[in-house]
Amino acid sequence: MSASPNDTQDYVGFDTITQQMERKFLKRGFNFNVILVGESGMGKSTLINSIFASHLIDTQGRRAAQEVIRKTTEISPVTQTLEENGVRVKLTIVDTPGYSDQCNNEGCWIPVIKYIKDQHAAYLERELKPLRDRVIVDTRIHACLYFLNPGSRGLRPLDVEVLKRLTEVTNVIPIIAKSDSMTIEERTAFKRRIKEELAFHRIVVFPYPSDEDTEEDRVLNASIRELIPFAVVGSEEVIEVNGKLVRGRRHGWGVINIFDETHSDFVHLRNFMLRTHLSDLVEVTAQRHYEQFRTSQLRQIKELRAQQAAAAATGGAPPMPSQAPPQAPMASGVMHQPMTQA
Amino acid sequence: MKDGSGEDQNVAPSVYSHVSRPGSHRYKNAKKGLPFNVMLVGESGLGRTTFLNTLCERMVVAKAEKTNTEQAHIAEPMQFKHHTVEMEEDGMKIILNIIDTPGFGDGIDNENCFMQIQEYLETQFDEVLAEENRIKRNTKFKDSRVHALVYFITPTGHSLREIDIEMMRRLGSRVNIIPVIGRSDSLTPRELVLFKQRIMNDIAQYEIPVFSFPNGEDEEDEETVEENAELRAMMPFAVVGCEEVVNEDGRPVRVRNYPWGMVQVDNDEHSDFDRLRYVLLNSHIGDLRDRTQNEIYELYRTEKLSGATASGAMDDMGGLQQAMPVA
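So the protein sequences, as listed, match chains A and B.
According to numbering that gives the first Met the number 0, the first sequence holds residues 0 to 341 in order.
According to numbering that gives the first Met the number 0, the second sequence holds residues 0 to 326 in order.
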């Protein structure tokens, strides 16, 4: 540690914890898991590849006539490690090909919800092991990008159904990905309508208000909420505009620069997800969604044990559990108190 | 949305006016006008309503602002909404009957939509069949058989979706289907070319019966044959619809204003709309009507009279069932 200007005799030096933590963090790296939910052709893979400026996933859309049409939603996670200035992130992108692609889309969300819950369950299992890893592998979904259809007048019936369920288990960020077919007026009207409908259905999307928020946080979050849903344009192609190379799309009537704030909210979305709220996304997943899951699971186990004990006392057979709890060997009777929810 | 595109003098003249096919205007009574029934099918948000208004050059349907937030999540069942507009194309009077289908594909389960449309199409045939068999026929009988069904495809850039394939396969034998790509301004020129190719590959692969600008049996006119080949190469038509008209160098043009540029609906490099309009209301109006009468209706009639189909019964593969013979 170099001599600090605060180095008077009263300077204790515990403020260097931030640097110590940073060094630990740099060594360890972190996990970031994102799930993409939307019809095929909504621009999901292009967008995520644009946000992280690397070709992370291929589009799963049907391209050749011989390719069979998927009959159900598939879950396809792809993991890669990215590095930036010494910081490593183990990035998992979960695509959901087949979602909402059929004539009858009843239940198409079920594999998605199940996958998200399974990650919570897996984490809980690892956490409850008598001999657990020093750092528990985190596969929990930290962000769900939900893709809305541009041109619809508002939320579709399927959107309402699915958003209600998704927001209960993960942080949801609503997005219009191919917004280059909407004029500015159309976008504004669409955003206003979506916000009204989300409020009406009491669908709460990320970021959530918190008692811990400073004034600065509140202002930032308010400006984020203004933008929702983010109207973005993604592109992996680099084209020349006025002598400069930019990521964009070349139409017959003009060129879109995805980084241009007047063209799309891309920069705002990227900054929001990665530059201002990244640690929030990870933390809130643990403190809010995982905690809710954990509480309900452990309560069920407790109830089951109570029932079994009661049945044993009366000499009858233990009743069947209504819902299978995680196959975790119980920690020796010590139940952690769930943290108070944000 | 600005209106005012209804005045005739605000309409940009179609560039194809000078190419009118000889003999295509076969109609009995010039004064009454030629009835032409077109159905528009596609999910909401693909520009169906805008297409309707742009086609008719007037605000036939005002874009309904769904003011009711509480209603938004309720899947409205598909409806058939009729609009009649008198048009004049190249001196020919047309009674354009448009059947719009708001609600198509908007629900979670959309299997029912196909059945409804099929029933509608067959009901019109049944009415003609009944009328033909009357001893005393109605001279004022209105023929409401659908001559063309414009089907809007989502501009995904991939291939056809299940709903697209099912829809066109099941209904292709009951009506001339003209597939179009809605909101095509979301695709770059290169993406559009690839998308069109993939769609046509799907159409071939799945044997989807769409209207493919067939040449007449005795068609000798080279120009016509060429024109049909050209139109086949353009399929599916990429449309951008818009009601907003601005004045460019004194000429009225329909445009969509984006921060990065302006899409001109009438510009052939931006959209196939003008060409499609000309096909529907001018060059191929006769072909579409004739094919409906001479091939599609005749096929239905034969099936119906020989008891080959129970009404409205089509199996999942889109083929025609061999049902019980009529007693």
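Check the hints yourself; a few may be wrong.
Residues on chain B that point at chain A, a partial pick, calculated with CB under 10 Å [as the list claims (entries may be wrong)]: (1) 42; (2) 44; (3) 69; (4) 72; (5) 104; (6) 105; (7) 110; (8) 137; (9) 154; (10) 159; (11) 187; (12) 190; (13) 200; (14) 257; (15) 261.
If you want the ones that stay clear, here's a sample from chain A, every Cβ over 10 Å from chain B, calculated [said to hold, decoys possible]: (16) 58; (17) 76; (18) 80; (19) 101; (20) 102; (21) 109; (22) 114; (23) 121; (24) 135; (25) 183; (26) 207; (27) 209; (28) 213; (29) 217; (30) 226; (31) 248.
Every beta carbon over 10 Å from chain B, so not counted as near; a handful from chain A, in silico [what the hints assert, rightly or not]: (32) 40; (33) 88; (34) 134; (35) 158; (36) 167; (37) 177; (38) 251.
The hints are simulated quantities; they were obtained by calculation from the structure and are not laboratory data.
Model, not experiment: these values are computed from the prediction.
All C-beta atoms, glycine included, are put in the ideal place defined by N, C-alpha and C.
Status of the hints after comparison with the structure:
1. Interface restraint check for residue 42(B): the shortest CB-CB distance to chain A comes to about 8 Å, inside 10 Å, so the restraint holds.
2. Here the hint on residue 44(B) is kept, as its CB sits about 3 Å from the closest CB of chain A, short of 10 Å.
3. Given the 10 Å rule on beta carbons, the hint for residue 69(B) holds: about 6 Å separates it from the nearest Cβ of chain A.
4. Look at residue 72(B): its Cβ gets to within about 4 Å of chain A, closer than 10 Å, so that hint holds up.
5. For residue 104(B), the interface hint holds, the least distance from its beta-carbon to any beta-carbon of chain A being 8 Å, beneath 10 Å.
6. A distance limit of 10 Å between C-beta atoms decides the matter here; for residue 105(B) the minimum to chain A is near 6 Å, and the interface restraint holds.
7. For residue 110(B), the shortest C-beta to C-beta distance to chain A is roughly 5 Å, which falls under 10 Å, so the interface hint holds.
8. Annotation: residue 137(B) was flagged as interfacial toward chain A, and the flag is violated, the nearest CB pair being 39 Å apart, outside 10 Å.
9. Given hint, residue 154(B) at the interface with chain A, holds; its Cβ is 7 Å from that chain's nearest Cβ, closer than 10 Å.
10. Taken as an interface hint, residue 159(B) checks out: its beta carbon lies about 8 Å from the nearest beta carbon of chain A, inside 10 Å.
11. Taking 10 Å as the C-beta contact cut-off toward chain A, the hint placing residue 187(B) at the interface holds, the least distance being around 6 Å.
12. For the restraint placing residue 190(B) at the interface with chain A, the shortest Cβ-Cβ distance is roughly 9 Å, inside the 10 Å limit, so the hint holds.
13. Given hint, residue 200(B) at the interface with chain A, holds; its Cβ is 4 Å from that chain's nearest Cβ, closer than 10 Å.
14. Below 10 Å, beta-carbon pairs count as interface contacts, and residue 257(B) has one with chain A at about 6 Å; its hint therefore holds.
15. For residue 261(B), the shortest C-beta to C-beta distance to chain A is roughly 6 Å, which falls under 10 Å, so the interface hint holds.
16. For residue 58(A), the condition that its CB be more than 10 Å from all CB atoms of chain B is violated, with the nearest at approximately 7 Å.
17. Residue-level check passed: residue 76(A) sits 21 Å from the nearest beta carbon of chain B, beyond 10 Å.
18. Against the 10 Å criterion, residue 80(A) stays outside the reach of chain B, whose nearest CB is about 29 Å from its own CB.
19. Distance check on residue 101(A): its Cβ comes as close as 5 Å (rounded) to a Cβ of chain B, failing to clear the 10 Å threshold; non-interface status is violated.
20. Chain B draws residue 102(A) into its interface by the beta-carbon criterion, the shortest separation being 5 Å against a cut-off of 10 Å.
21. The beta carbon of residue 109(A) sits about 13 Å from the closest Cβ of chain B, which is more than 10 Å, so the claim that it is off the interface holds.
22. Every CB of chain B is more than 10 Å from the CB of residue 114(A) (nearest about 20 Å), matching its label as outside the interface.
23. For residue 121(A), the non-interface assignment is confirmed: its Cβ lies about 30 Å from the closest Cβ of chain B, beyond the 10 Å cut-off.
24. At roughly 37 Å from the closest C-beta of chain B, the C-beta of residue 135(A) stays outside 10 Å, upholding its exclusion from the interface.
25. With a cut of 10 Å on Cβ distances, residue 183(A) falls inside the contact zone with chain B, its closest approach being about 7 Å.
26. The claim that residue 207(A) lies off the interface holds: its Cβ sits roughly 22 Å from the closest Cβ of chain B, which is beyond the 10 Å cut-off.
27. Every beta carbon of chain B lies more than 10 Å from that of residue 209(A), the smallest distance being close to 27 Å; the non-interface claim holds.
28. Chain B leaves residue 213(A) outside its interface by the beta-carbon criterion, the shortest separation being 33 Å against a cut-off of 10 Å.
29. Annotated as non-interface, residue 217(A) keeps its C-beta farther than 10 Å from every C-beta of chain B; the closest such distance is 26 Å.
30. Every CB of chain B lies more than 10 Å from the CB of residue 226(A), the least distance being 16 Å, so the non-interface label holds.
31. A cut-off of 10 Å between C-beta atoms contradicts the statement that residue 248(A) is not in contact with chain B; the least separation is 6 Å.
32. The beta carbon of residue 40(A) sits about 2 Å from the closest Cβ of chain B, which is not more than 10 Å, so the claim that it is off the interface is violated.
33. No Cβ of chain B comes within 10 Å of the Cβ of residue 88(A); the nearest lies about 29 Å off, and the non-interface call holds.
34. Its beta-carbon lying about 40 Å from the closest one in chain B, residue 134(A) satisfies the requirement of being farther than 10 Å from that chain.
35. Distance check for residue 158(A) against chain B: the nearest CB is about 8 Å away, which does not clear 10 Å, and the non-interface claim fails.
36. No beta-carbon of chain B is positioned within 10 Å of the beta-carbon of residue 167(A); the least distance is around 17 Å.
37. In this structure residue 177(A) is not separated from chain B by more than 10 Å, as the shortest Cβ-Cβ distance comes to only about 5 Å.
38. Non-interface status of residue 251(A) relative to chain B is broken: a Cβ of that chain comes within 10 Å, the nearest being about 5 Å off.
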